[in-house]
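Heads up: the sequence lines are chains A and B, in that order. According to the UniProt record's numbering, numbering within the first sequence proceeds without interruption in unit steps and concludes at 250. According to the UniProt record's numbering, numbering within the second sequence proceeds without interruption in unit steps and concludes at 244.
One should not assume that every hint holds.
[Unchecked claim] Below, a list of computed lysine to aspartate or glutamate pairs in the EDC-like style, where the Cα atoms sit at most 16 angstroms apart:
#	chain 1	residue 1	chain 2	residue 2
1	A	LYS246	B	ASP74
2	A	LYS246	B	GLU153
3	B	LYS132	A	GLU40
4	A	LYS241	B	GLU189
5	A	LYS241	B	ASP86
6	B	LYS132	A	ASP176
7	A	LYS246	B	ASP135
8	B	LYS132	A	GLU242
9	B	LYS132	A	GLU159
[Claimed, not checked] Here chain B is said to cover these stretches of chain A; the calculated rule only asks that three of the stretch's residues, wherever they fall, bring their Cβ under 8 angstroms from a Cβ of chain B:
#	stretch
10	15–25
11	55–64
12	152–161
13	195–201
14	238–247
To be clear, the hints were calculated from the coordinates, so they are not data collected in a lab. For each residue, glycine too, the CB sits at the ideal point set by N, CA and C.
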Amino acid sequence: MANTTLSPLHRADGSARYTKNGYSVIAAVNGPIEVQRRDELPEEAAVDVAVRPAAGLGGLPERHLESILQNTLRHVIVVSAHPRTLIQFTLQIVTSPGDDSVTGSLPQASSNLPVLPALLQASILALLSTSIPLFMTLTATLVAVNPNGILLVEPSVQEIKLASSIHVLAFSSHGDLLVVESEGDFTIDKWEEVHKKAKSICHEEAGDESESGSEDVSMSSDDSSKIENVLKEAVERKIAKEQRWKESTG
Amino acid sequence: MATQTLVLPGDTISPNILPIPSNPSHFLKLGPGLRHTPPSTITSVLAGSLCIDPKKNAIWVENNSGRYIPQPHDLILATVHHSSTDWYHCAITPYTTLAQLPHLAFEGATKKTRPQLNAGSLVYARVVSAAKHTDVEITCCNASTGKSEGMGELKGGMVFDVSLGMARRLLLARQREEGGIVVLEGLAEKVAFEVAVGRNGKVWVKSGGVKETLLVGRALQETDREGLGVEEQGRLVKKLLRGL
């Protein structure tokens, strides 16, 4: 099960630690801060992402992950609210299961997709712990398809090694598809299946949406497995801590 | 009384929970953390507790974290970084663009007699303008009266960092009733000190000696960190004063 900590780093404007499926990531967000003249955008905030692997220096796989994250987060943050500034993300992968070159049977052995959901989750949690305005929150998951065509959600290292394709999907809190990265051989029908499965994990059904309009904080225990609730619980804990003085004052 | 619910960014605020104004000509006031999409959709952009005050017909998201973003009329503690022909350039928060403090924005300042501030001096100032496309401008005097109203250079003392929410509570007009802070009143019974609270999460404390200054600053920081209630603050004050 996912384990989250908000604001573990006290010097960063916002930070979060997210642990799931053997991956542990610490994310730090600083911003809005001063931007270098060459990166400055006149109408919006620049988003800068740095991914550091668990061991060694970052290479091509990390640059690839950074570009995916940067393009996603740029649409999640209300960048027009802070023009000519920089919002800086630093994501440190603390632990990863087994060795990093797990995608053995796949053609692009150098890419490192299995860590992407954890990176996305950690960065959104870090954003929630700051006061940077966001259009939405997001939830991400990893789905592998094994050679028999069976879908495996949050697969283990061994399962990824044997999989014929792996897919990372992220959905916004409105239920829209934000990120889709796939590797390996698969058909369109299989992808549709993967999409449906991932959506059911990441996002509550459309029927619940109208109900959640009433902003009811209490929720039934059976949907606590939903990734969306991980965010909600983390924020609840944060607010409870911040408002402790109110309760103890009575 | 304000009521509270949890909101995440992207949540639509249901029209049913909006306060109903006593007079239809009163507009609904949207505070920080909310975004209005015409014609009548209100969405949250921050994670926090949604506060509704029916009396003031206001709605806002309370959030205690992140970086301070300057807003007009906020009182802040700024550090002078350098001086140019007409302005002092001051840092409000680290690594952000410097704010401009005109040389003449002090009580009784003229071109010949103006306060000489060196790099590193601390000023208590008010934000004049903080539009997103221009530099932030701050001032140390009230433009209409020309009086300093307590603002200006702060000499001596020490600066302590607190959370933004704590700074906001300390700046409330009725600190004890609304903010639940009694630690300063408690300490003031035995120790003489001065404080200046900046909305940017900084508190300046000056007292007779280093020991007393640290005592006051640390008491504030502990109250903030542990989220102490009124009674716990009383106990903290007693404990600290015994050690003095």
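Here's how the hints hold up against the structure:
| no. | hint | verdict |
| --- | --- | --- |
| 1 | A/LYS246 with B/ASP74 | 24 angstroms, violated |
| 2 | A/LYS246 with B/GLU153 | 34 angstroms, violated |
| 3 | B/LYS132 with A/GLU40 | 14 angstroms, holds |
| 4 | A/LYS241 with B/GLU189 | 29 angstroms, violated |
| 5 | A/LYS241 with B/ASP86 | 45 angstroms, violated |
| 6 | B/LYS132 with A/ASP176 | 30 angstroms, violated |
| 7 | A/LYS246 with B/ASP135 | 36 angstroms, violated |
| 8 | B/LYS132 with A/GLU242 | 28 angstroms, violated |
| 9 | B/LYS132 with A/GLU159 | 50 angstroms, violated |
| 10 | 15–25 | violated (count 0) |
| 11 | 55–64 | violated (count 0) |
| 12 | 152–161 | violated (count 0) |
| 13 | 195–201 | violated (count 0) |
| 14 | 238–247 | holds (count 9) |
Checked against the numbered hints above, the structure breaks hints 1, 2, 4, 5, 6, 7, 8, 9, 10, 11, 12 and 13 and satisfies the rest.
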